[in-house]
Amino acid sequence: MSLKGKAMGLRVWALAILVVVGAGFLVAAEEGPIKLGAVLPLADITGAQGSKAMQLAVDEINAAGGVLGRQLELIIVDDESKAEKGAAAIDKLATVDNVDVFIGGMSSGVHLGELPALKKYERVTVWIGAASSLVEQAVVGLDWYFHIHPWDYLQGASYVEGWAALQAEYPLIKIHKAFWAYEEGAFGTSSYQGSLVAFSNWENVGESFKSALLGGGDYRAVLRHAQEFDPDLFIWVGYAADALPIMEQAAEIGFTPPLFVGSPPGWPADFGTSPLADGVIAYGMWAPSIKDVSPVSQHFWDAYIAKYNEQPATYFAPLGYTNIYVVAEAIARAGTLDKEALITALEATNYASPLGETLTFTPSNLIQHQGFRNQKILQWQNGAQQVLWPFEYATALPAYPFTGP
Amino acid sequence: MRMTRYLPYVLGAALAALFPLFSGAYLEQVAVGMLIYLTLALSWDMLLRSGQLGFGTAGFFGLGSYAAILLFLNVGVHPFVSIAFGGVVAGVVALLVGLAVLRLRGMYFAITTLALAGIFAVVLRNFPGLTGGSEGRMLPNCIYAGNTTKIYWLVLALAVFTIVISEVFERTRIRLALTSIRNDERVAKSSGVNVFKYLVFVFAVTSAIQGLAGGTYAHVFGFVSPEGSFSANFLLLPLAMALLGGVHSTWGPVVGGLVLGALSEYLKLQIPYGHLLVYGAIIVVVTLFLPQGLMGTVRAWWRRSHVTRGAQ
Chain A
0 MSLKGKAMGL
10 RVWALAILVV
20 VGAGFLVAAE
30 EGPIKLGAVL
40 PLADITGAQG
50 SKAMQLAVDE
60 INAAGGVLGR
70 QLELIIVDDE
80 SKAEKGAAAI
90 DKLATVDNVD
100 VFIGGMSSGV
110 HLGELPALKK
120 YERVTVWIGA
130 ASSLVEQAVV
140 GLDWYFHIHP
150 WDYLQGASYV
160 EGWAALQAEY
170 PLIKIHKAFW
180 AYEEGAFGTS
190 SYQGSLVAFS
200 NWENVGESFK
210 SALLGGGDYR
220 AVLRHAQEFD
230 PDLFIWVGYA
240 ADALPIMEQA
250 AEIGFTPPLF
260 VGSPPGWPAD
270 FGTSPLADGV
280 IAYGMWAPSI
290 KDVSPVSQHF
300 WDAYIAKYNE
310 QPATYFAPLG
320 YTNIYVVAEA
330 IARAGTLDKE
340 ALITALEATN
350 YASPLGETLT
360 FTPSNLIQHQ
370 GFRNQKILQW
380 QNGAQQVLWP
390 FEYATALPAY
400 PFTGP
Chain B
0 MRMTRYLPYV
10 LGAALAALFP
20 LFSGAYLEQV
30 AVGMLIYLTL
40 ALSWDMLLRS
50 GQLGFGTAGF
60 FGLGSYAAIL
70 LFLNVGVHPF
80 VSIAFGGVVA
90 GVVALLVGLA
100 VLRLRGMYFA
110 ITTLALAGIF
120 AVVLRNFPGL
130 TGGSEGRMLP
140 NCIYAGNTTK
150 IYWLVLALAV
160 FTIVISEVFE
170 RTRIRLALTS
180 IRNDERVAKS
190 SGVNVFKYLV
200 FVFAVTSAIQ
210 GLAGGTYAHV
220 FGFVSPEGSF
230 SANFLLLPLA
240 MALLGGVHST
250 WGPVVGGLVL
260 GALSEYLKLQ
270 IPYGHLLVYG
280 AIIVVVTLFL
290 PQGLMGTVRA
300 WWRRSHVTRG
310 AQ
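For the record, the sequence lines run as chains A and B.
Those letters in the first sequence? Residues 0 to 404, per numbering that gives the first Met the number 0, in order.
Those letters in the second sequence? Residues 0 to 311, per numbering that gives the first Met the number 0, in order.
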């Protein structure tokens, strides 16, 4: 072939490549962004920080070229912590925004109201909230439903394992008697009832209280009852609003059990700065100190602070970030938004999350796609939450016994 | 003449019924929430017309929810029958409670009715075998399998039914009795009005409406729980709607419900982080500067402009 012929051949190839690449871009541009529809309670710290973390993950993925050559678009709708608003949000995301995947979530009560709408559209849903096993019963048999947060009974089982491990590792810690102070609503009562079964080898006594969140706030009677019982472990199951008043009233009556545990879904942002916090044990999926043992958590922590100039204070922040990455990676693996392919790709999830653990989906008691199973046992030490258990993420030794302020 | 008078109502009802033809599932779902709260706002106002400030709205709403769901789950009746049962239970309980608490007046009556939601929730929580305790109960399927258009028509029918009852109250001698009780009970009594009988009657009817709304809501969303079904939202939002629209009339709470419901959803989409602050500020400003509510202000302006025109 002559030089002229070769040059012509190269031009033809270059033109062909340009046409193919250009067509690819045109198709991507025509298809527009991949839409992820999130429903969260934005007036609550869980929803506010969870949604910001989701946007952070979307920005990172888009900066790296997006997914399947397309950008991600995150559309967030506030559920206002009301079931009917949550249902309307699902309808908006499905019919007005035409999202490809539903994500988000926090409260079980709101999610129960959203489920009829989700069942109507049957789109792939990857949910980070709603721990109540009542929700699990409602999503039995839905192959498009993926649940990331541990169900309530999984959390209970996780604590049983954690306390057994801590007692075995640190013989000074001995638990024979436990007192459970629980808020009178579904969250507190079901946690207490589940714990009675889970910790049946302990001598358990429980009493309910009205949470400060719902107009209560006087825990003295319950605390005095606990003081008389003299437990090895005292645990309160309530909300963030109960944290400081309970500690103040316990200090007021001189109640210092060897283990003082709190189990709210989120702690007040400034709880660690109170002298009352030191030595208090907490349950949770994540603590900022996990960044010291997890590079993914460190990256998330730094990126979140750099973008928003505030520290993530609730585990719903790394959970929201995880939510986006799990969906984005599954879409990339599937190579399409086709429902069946996406479900198969999600089933193959293996994501090293900023919460510490690697996320995979396995069957739970009733559903096929359950994500995390464990909670962590944490402790407030010198103003920061440290991880005591699981030992692979431990960032400090337990401070024992609790001595009060 | 008579036909022309009713034309706006017929047109309004037709427009509302045809709403799904020019809206999607999202707007229908928003409308469902608005109509439920509107129904509660109107029923709260119907009692207020007698001068009694009742705070039992959330209590009877929750009671109706539970009664409907428990009958449906345990007996297997048609959802409509169970919703009606929710209304009957709320009405009968209100009748019995009313016989005792309607001897109270003013803040004493208000505080007693405020406690009802808490009392009902505690009672239901303590029968876990029947009510599911703190977790509540769930329906295997929601009414109409979640079809928003059919659900919208169901909730619209409930709202229209409540508007009709309210108009009956407004256009019959019940209005005269309630207004005279509100203005001066002693004068009402001396005019032959059986004050206690009227108060018990209105309390039972409005509570039954709240029970119907509760039963409908439970069937629409498919679950009941002490925290969700007796939420203070079912008292505070209807109250704000009635105050914003204007009390002591049918159309004040209706307008208030529609305006606040639409405003809430619009603000949420425009200001995702902070819409509740703006929403609250608007309610405060309207309450401060339009104490008669939107409808009261419009009526006053209409009256003034007519008087001025007449004088000219």
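One thing to keep in mind: the hints can contain errors.
What the hints assert, rightly or not - Label pairs and their in silico Cβ distance ranges:
{"#": "1", "chain 1": "A", "residue 1": "H175", "chain 2": "B", "residue 2": "L103", "range": "48 to 54 Å"}
{"#": "2", "chain 1": "A", "residue 1": "T361", "chain 2": "B", "residue 2": "L235", "range": "40 to 46 Å"}
{"#": "3", "chain 1": "B", "residue 1": "V284", "chain 2": "A", "residue 2": "N200", "range": "43 to 49 Å"}
{"#": "4", "chain 1": "A", "residue 1": "V139", "chain 2": "B", "residue 2": "R181", "range": "49 to 55 Å"}
{"#": "5", "chain 1": "A", "residue 1": "V139", "chain 2": "B", "residue 2": "N193", "range": "29 to 35 Å"}
{"#": "6", "chain 1": "B", "residue 1": "A12", "chain 2": "A", "residue 2": "T357", "range": "54 to 60 Å"}
{"#": "7", "chain 1": "B", "residue 1": "E184", "chain 2": "A", "residue 2": "E202", "range": "41 to 47 Å"}
{"#": "8", "chain 1": "A", "residue 1": "F390", "chain 2": "B", "residue 2": "A109", "range": "53 to 59 Å"}
{"#": "9", "chain 1": "B", "residue 1": "V76", "chain 2": "A", "residue 2": "E202", "range": "52 to 58 Å"}
The set of hints was computed from the structure by calculation and includes no laboratory data.
Cβ coordinates follow ideal geometry from the N, Cα and C atoms, glycine included.
Fill in: Numbers of the earlier hints that this structure fails to satisfy, in rising order
3, 5, 7 and 9
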